[in-house]
Amino acid sequence: MTNMLVILVATKEASPMTTLTIDLEGAARMGIAEAKAHLSSIVERAEKNGEAAILERYGRPAALVVPLPRATGAQHRARGILAEYADESALCLEEGAFARAMEAKHGIPA
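Residue numbers (my numbering): 1 to 110.
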């Protein structure tokens, strides 16, 4: 049986709540001194490949480095409950919508 860790994450970038599932057996393990020396590559692997890393102090797990979930561009702009309905291809239809509405309602070009 695989050791899995499930984390519930709430960030501004992700839709309301996101669940991260981390395979602890597949995670890289290293001491804190080694992690300090290679921190930038550990973070890069977490960002690009979704790899987790377990940092150990005296051979015991002390911390966990995991990737944060990322929202797509459209989801980032359409936060909250509507994020799942955001359609990146429809954004071009919204170009200038505010300016057109201001001109139609108030006769003021924006």
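Treat the hints as calculated values from the structure; they're not laboratory data.
Being a predicted model, the structure only gives us computed values, none of them experimental.
Beta carbons: idealized from backbone N, C-alpha and C, even for Gly.
Misleading hints may appear alongside valid ones.
[To be verified] Ranges between beta-carbon positions, derived for each pair:
1) Glu94 <-> Asn3: 43 to 49 angstroms
2) Val9 <-> Lys36: 42 to 48 angstroms
3) Ala90 <-> Val6: 29 to 35 angstroms
4) Val43 <-> Ala104: 46 to 52 angstroms
5) Ala99 <-> His38: 49 to 55 angstroms
Taking the hints in turn, this is what the structure says about them:
1. The hinted window of 43 to 49 angstroms between glutamate 94 and asparagine 3 holds, with their beta carbons roughly 46 angstroms apart.
2. Between valine 9 and lysine 36 the C-beta distance comes to about 25 angstroms, which lies outside the given range of 42 to 48 angstroms.
3. Restraint check, alanine 90 to valine 6: a C-beta distance of roughly 33 angstroms satisfies the suggested window 29 to 35 angstroms.
4. Roughly 49 angstroms separates the CB atoms of valine 43 and alanine 104, a value that falls within the hinted 46 to 52 angstroms.
5. Checked against the hint of 49 to 55 angstroms, the C-beta distance between alanine 99 and histidine 38 comes to roughly 50 angstroms, which is consistent with it.
This entry does not satisfy hint 2, going by the numbered hints stated previously; all others are met.
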